[in-house]
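Student: Keeping their order, the protein sequence lines are chains A and B. If you're matching positions, the first sequence starts at 58 in this note's numbering and goes up one per residue. If you're matching positions, the second sequence starts at 58 in this note's numbering and goes up one per residue.
Heads up, a few of these hints could be off.
[To be verified] Think about it this way: if two alpha-carbon atoms lie no more than 20 Å apart in a straight line, the pair counts; the simulated SDA-like pairs of lysine to any residue are:
hint : chain 1 : residue 1 : chain 2 : residue 2
1    : B       : K89       : B       : G187
2    : A       : K68       : B       : E62
3    : A       : K127      : A       : Q184
4    : A       : K68       : B       : Y227
Keep in mind the hints are simulated off the structure, nothing from the lab.
There are 2 protein chains.
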Amino acid sequence: MFPFEYHIPTKIMFGERKINQLGEVAATFGKKAMLVTYDEQFVKSVGFYAKAVQALNDKHVEVLPFFGVKSNPTVELIREGVKLAKTEKPDVLIAVGGGSVMDTVKALALGACTDADVWDIATGAAQATGALPIVTVVTIPATSSEMNCTSVISNDALKRKEGFVNPLMYPKVSILDPELTYSLPIKQTAISAADIVSHLMEGYINHNDPWTPMQDRFAQGMIKTVLDCMDRLLKNPNDPQARATMMWVATFAWNGFYVCGIGPFDAPIHMVGHSFSAFYDTPHGSAMSVSIPGVMKFHLKERIEKYSIFAKEVFGIAGDINEKTAQAGIDALVGWFKKIGVPTTFAEAQMPTNELDAMADDILVTAAHWGIKTYTKEMVLRLLQLCL
Amino acid sequence: MFPFEYHIPTKIMFGERKINQLGEVAATFGKKAMLVTYDEQFVKSVGFYAKAVQALNDKHVEVLPFFGVKSNPTVELIREGVKLAKTEKPDVLIAVGGGSVMDTVKALALGACTDADVWDIATGAAQATGALPIVTVVTIPATSSEMNCTSVISNDALKRKEGFVNPLMYPKVSILDPELTYSLPIKQTAISAADIVSHLMEGYINHNDPWTPMQDRFAQGMIKTVLDCMDRLLKNPNDPQARATMMWVATFAWNGFYVCGIGPFDAPIHMVGHSFSAFYDTPHGSAMSVSIPGVMKFHLKERIEKYSIFAKEVFGIAGDINEKTAQAGIDALVGWFKKIGVPTTFAEAQMPTNELDAMADDILVTAAHWGIKTYTKEMVLRLLQLCL
Chain A
58 MFPFEYHIPT KIMFGERKIN QLGEVAATFG KKAMLVTYDE QFVKSVGFYA KAVQALNDKH
118 VEVLPFFGVK SNPTVELIRE GVKLAKTEKP DVLIAVGGGS VMDTVKALAL GACTDADVWD
178 IATGAAQATG ALPIVTVVTI PATSSEMNCT SVISNDALKR KEGFVNPLMY PKVSILDPEL
238 TYSLPIKQTA ISAADIVSHL MEGYINHNDP WTPMQDRFAQ GMIKTVLDCM DRLLKNPNDP
298 QARATMMWVA TFAWNGFYVC GIGPFDAPIH MVGHSFSAFY DTPHGSAMSV SIPGVMKFHL
358 KERIEKYSIF AKEVFGIAGD INEKTAQAGI DALVGWFKKI GVPTTFAEAQ MPTNELDAMA
418 DDILVTAAHW GIKTYTKEMV LRLLQLCL
Chain B
58 MFPFEYHIPT KIMFGERKIN QLGEVAATFG KKAMLVTYDE QFVKSVGFYA KAVQALNDKH
118 VEVLPFFGVK SNPTVELIRE GVKLAKTEKP DVLIAVGGGS VMDTVKALAL GACTDADVWD
178 IATGAAQATG ALPIVTVVTI PATSSEMNCT SVISNDALKR KEGFVNPLMY PKVSILDPEL
238 TYSLPIKQTA ISAADIVSHL MEGYINHNDP WTPMQDRFAQ GMIKTVLDCM DRLLKNPNDP
298 QARATMMWVA TFAWNGFYVC GIGPFDAPIH MVGHSFSAFY DTPHGSAMSV SIPGVMKFHL
358 KERIEKYSIF AKEVFGIAGD INEKTAQAGI DALVGWFKKI GVPTTFAEAQ MPTNELDAMA
418 DDILVTAAHW GIKTYTKEMV LRLLQLCL
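In isolation and in its complexed conformation, chain A is listed as follows (with noise of 0.2 Å):
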């Protein structure tokens, strides 16, 4: 195990009808809140925003809308909820949505603490010097962002979706309120626990300690657990349990917590797959269900045996340490994400093949950020024909 330090400040505040205890918990903070979520018709339309702005009034908290915000969340919308939160000073920001909202929410709490733009802070060009108070209620759960100080942004004129990390983003409280994702479409649900799997996978898969008992278990388990939620939602998506758990794994499966001790690690299935989600708006989930098979074809010859363990753990096939068993392990993820409706190649996401050079080098301006050093832009070129 390597050296590592954990703390994660969050609340999590889980159960149906949680949502009703935002008033109580904004208020905490202050006496006006702005609160920032998806189109005002969308969010009219579901329900949750009723609620939400109701559980605020009902402490007397001020309600700020920004709406607006969409999936892969622009930088160029961030600056305009930045420009009201200086204007209006609300006590805390309040994210009602998926990772999107959350991400957005996240950068807009620290660009409206500095003079900064806020790509400069998310490329690293300028410093955070502090943040507003964050509060979240999840209505998709997969990016784990309600409980990790992660936020990942998209500048539509550099064509660049960037991640990055800062303490000062961790949500203070969030409300995992499973009765909101009720009425989450199947399609949409997919697409999230293809997401949830990916953060499972990337420290699981890439990670170079030889024995992590602790740690591959959890990764596992929690991946097995997608699928039994999987399984259950296909039949009846509005199946509580299935909708529950589904939103707790999420939350620990990119919260920093199973990667603890693990080392250090390429996370090549989000840093070619950013590119996918940059060049063409594809959503973050199906980016990965096409960018995951492309990195575990790549890297199979080196990773036999931690291949056929996860085949033999997560899908039960039985066999040997070797490479069929490896790559069996691979076909069932494949045949898995083709079952719940996820694509797994540019063709099913309908993404063009015609950029591929030009999004080898954007994957390796991302590498950069990260620091990752292995790959080559040959390597790269090679890896995304295995993604076609």
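Take the given structure of chain A and dock chain B to it, following the hints.
Tutor: Just chain B now, kept in the frame of chain A:
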């Protein structure tokens, strides 16, 4: 899944030689640290005391030593510590030791901030009003005390052992330096392993939620990892990987994470085992390895499915879901306890059997304090018979 709140503000610093950072950690709280640990002669012989003092001196933190904590720490000693703390007014309390030292410091932290007696706080007769900041340096991985807000202390005069919970008792920082555990005798390591397993079993086998795959797999995976660690340590007690892994498993076994969402559950393993220690000063882990099989046998008929899955998942026992497989799971666990050298019966623990009636009464006092209503005296006596 059931509603829950999860909030562990403790910062973990994990890695070999992390104890050297104790000074800078303590200095963030002030210039005077009360260092609570075991018998003076003992701690000065094993080396970690000198390391702790050195690290504190390096950062000009004054050290106020408080020696003498024993296994099953007593309120009598804690009262002395409270007196000292009230006179000397340290800025931070540092526990250097295992569960008994950490639990002593937790009670002391509350006691130093109130006029009420510590035992009254433990029993709930008085309310805590504040706490001195707590830092722990773990030398025996077992109790999760380094990352929870529980303290278990004994009252020799009353022959009672009392566990109590207060969020004020979360350590601010816990330093997990596996190197400090290399010299832990294998006998004591095995007792600690039994303690860790007792934590992982308590919620897992006693909860009543029919579908909690995430939590159940976590418990199973963690127990298997304890088994793996002990296999390695029985061969080589200095195995750094096994020591490090055991330390991290111990921390997450009873910090409140895996029981999130499984709903209310009785804690008969600890309810019963606490009285073994209260009556005969049996080391906590040894009390657990006696109480676990007794509790499992007592509930066998109504937990066929759960024990069968336990047998299959943890011990790889083939078989259907039936009483035979369930019993095989209990037998395998007892076999493992014997293999690592911890007692599994009153006889093996050298506990007399002439006070069972009084012990049953004591167990029922604990049950009442913990809100456990399942067990009558007749049931407790029957359960104790299964432990003989």
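Student: Looking back at the hints listed earlier, which ones does the structure fail to meet?
Tutor: Hint 3 alone not satisfied by this model.
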